[in-house]
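Colleague: First to last, the protein sequences are chains F and S.
Position 38 of the first sequence, counted from 1, bears residue number 38 in this note's numbering, the numbering being contiguous throughout.
Position 40 of the second sequence, counted from 1, bears residue number 40 in this note's numbering, the numbering being contiguous throughout.
Please note that the accuracy of each hint is not assured.
Said to hold, decoys possible - The calculated lysine to aspartate or glutamate pairs, modelled on DMTMM-like cross-linking and capped at a C-alpha distance of 25 Å, are:
{"id": "1", "chain 1": "S", "residue 1": "LYS24", "chain 2": "F", "residue 2": "GLU39"}
{"id": "2", "chain 1": "F", "residue 1": "LYS40", "chain 2": "F", "residue 2": "ASP66"}
{"id": "3", "chain 1": "F", "residue 1": "LYS40", "chain 2": "S", "residue 2": "GLU11"}
{"id": "4", "chain 1": "F", "residue 1": "LYS3", "chain 2": "S", "residue 2": "GLU11"}
{"id": "5", "chain 1": "F", "residue 1": "LYS3", "chain 2": "S", "residue 2": "ASP56"}
{"id": "6", "chain 1": "F", "residue 1": "LYS37", "chain 2": "S", "residue 2": "GLU83"}
{"id": "7", "chain 1": "F", "residue 1": "LYS57", "chain 2": "S", "residue 2": "GLU11"}
{"id": "8", "chain 1": "F", "residue 1": "LYS106", "chain 2": "S", "residue 2": "GLU18"}
{"id": "9", "chain 1": "F", "residue 1": "LYS41", "chain 2": "S", "residue 2": "ASP108"}
{"id": "10", "chain 1": "F", "residue 1": "LYS37", "chain 2": "S", "residue 2": "GLU62"}
{"id": "11", "chain 1": "F", "residue 1": "LYS68", "chain 2": "S", "residue 2": "ASP56"}
{"id": "12", "chain 1": "F", "residue 1": "LYS67", "chain 2": "S", "residue 2": "ASP57"}
{"id": "13", "chain 1": "F", "residue 1": "LYS106", "chain 2": "S", "residue 2": "ASP56"}
{"id": "14", "chain 1": "F", "residue 1": "LYS41", "chain 2": "S", "residue 2": "GLU83"}
{"id": "15", "chain 1": "F", "residue 1": "LYS40", "chain 2": "F", "residue 2": "GLU26"}
{"id": "16", "chain 1": "F", "residue 1": "LYS106", "chain 2": "S", "residue 2": "GLU14"}
Keep in mind that the hints were calculated from the coordinates and are not lab data.
Treat the numbers as computed from the prediction; the structure is a model and nothing was measured.
Listed here are the chains, written in short residue letters.
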Amino acid sequence: EDKVVQSPLSLVVHEGDTVTLNCSYEVTNFRSLLWYKQEKKAPTFLFMLTSSGIEKKSGRLSSILDKKELFSILNITATQTGDSAVYLCAVGNPLRSGNTPLVFGKGTRLSVIA
Amino acid sequence: DAGVIQSPRHEVTEMGQEVTLRCKPISGHDYLFWYRQTMMRGLELLIYFNNNVPIDDSGMPEDRFSAKMPNASFSTLKIQPSEPRDSAVYFCASSPTGVWSQPQHFGDGTRLSIL
């Protein structure tokens with residue numbers, strides 16, 4: 001069964017800290033790994049990773065994928081209270097018959113306090 | 001540019017009642033997805049459509065759940081009869097291609113409470 005495991009489940013940091021969120025996966029026919037940020041409502045897209053070792057960056061957020069060790073990390077530097085959210089990791093697996101195309105982890109709840 | 005639109009935003013009803021959730025995807029998106037989110041199980045895919053055709057409904061929990069997409073701009077998820085364990089946030093999402101090449105865009109969700 002395809003599986004995505006995120007750690008830690010929750011994290012509390014102070015503004016200005018750097019955080020690293022982890023996502024490990026077990027899925028056949030891996031195609032892509034996606035990170036989403038969910039505040040009060042809908043998840044919003046952050047990154048899609050398909051190749052190992054290539055860092056994707058957007059402002060203070062960055063992410064990298066290791067397809068050999070089957071994990072990804074999401075880094076947030078100089079955290080702000082607006083970064084408080086649940087961060088979701090999902091893995092795309094379109095080829096396995098009868099399987100869902102996107103499996104989500106349960107998320108990491110990040111709280112940034114002033 | 002309008003995003004994915006879901007209605008209603010909140011629904012509270014008694015068990016045994018029929019519940020219908022609605023979704024309008026982003027225009028031009030060929031894929032539509034229905035998800036359910038709970039604290040215990042996280043975000044789970046229920047069913048997805050490609051060009052209005054259901055492709056994979058293996059996530060639909062049981063026969064009480066059904067989904068339709070009569071045209072490219074509208075989909076419904078129906079629960080009949082509803083039970084308290086169906087209480088969750090239901091999200092609709094759409095994407096222009098398969099999720100493995102383009103990210104999904106999510107609606108704001110319907111918070112469903114079955115009493």
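Colleague: The structure should be examined with respect to each hint, and the outcome stated for every one.
Modeller: For each hint, the structure was consulted:
1. Restraint check for LYS24 (chain S) and GLU39 (chain F): satisfied, since their Cα atoms lie roughly 22 Å apart, inside the 25 Å limit.
2. Only pairs whose Cα atoms come within 25 Å are accepted, and LYS40 (chain F) paired with ASP66 (chain F) is rejected, the gap being roughly 30 Å.
3. Simply put, LYS40 (chain F) and GLU11 (chain S) have alpha-carbon atoms about 17 Å apart, close enough for the 25 Å limit, and the pair holds.
4. For the proposed pair LYS3 (chain F) and GLU11 (chain S), the alpha carbon gap of about 31 Å is over 25 Å, so the pair is violated.
5. With a CA separation close to 18 Å, the supplied pair LYS3 (chain F) and ASP56 (chain S) stays within the 25 Å bound.
6. Proximity of LYS37 (chain F) to GLU83 (chain S) is assessed by CA-CA distance (about 30 Å); at most 25 Å being required, the pair is judged violated.
7. Note on LYS57 (chain F) and GLU11 (chain S): the hinted pairing is violated, with a Cα-Cα distance of about 39 Å set against a maximum of 25 Å.
8. Restraint check: the Cα-Cα separation between LYS106 (chain F) and GLU18 (chain S) comes to about 29 Å, which exceeds 25 Å; the hinted pair is violated.
9. A C-alpha spacing of about 5 Å is found between LYS41 (chain F) and ASP108 (chain S), which places the hinted pair at or below 25 Å, so the restraint holds.
10. Our distance criterion of 25 Å between C-alpha atoms is broken by LYS37 (chain F) and GLU62 (chain S), whose separation comes to about 30 Å.
11. Distance hint between LYS68 (chain F) and ASP56 (chain S) is unfulfilled; the C-alpha atoms sit about 29 Å from each other, more than 25 Å.
12. Under the criterion of a C-alpha separation no larger than 25 Å, the hint pairing LYS67 (chain F) with ASP57 (chain S) is inconsistent with the structure, at around 29 Å.
13. With a C-alpha separation of about 22 Å, the suggested pairing of LYS106 (chain F) with ASP56 (chain S) holds against the 25 Å cut-off.
14. At roughly 24 Å between alpha-carbon atoms, LYS41 (chain F) and GLU83 (chain S) fall within 25 Å of each other, so this suggested pair holds.
15. About 29 Å separates the Cα atoms of LYS40 (chain F) and GLU26 (chain F), which puts this hinted pair outside 25 Å; it is violated.
16. At most 25 Å may separate the alpha-carbon atoms for a hinted pair to count; LYS106 (chain F) and GLU14 (chain S) exceed this at roughly 28 Å.
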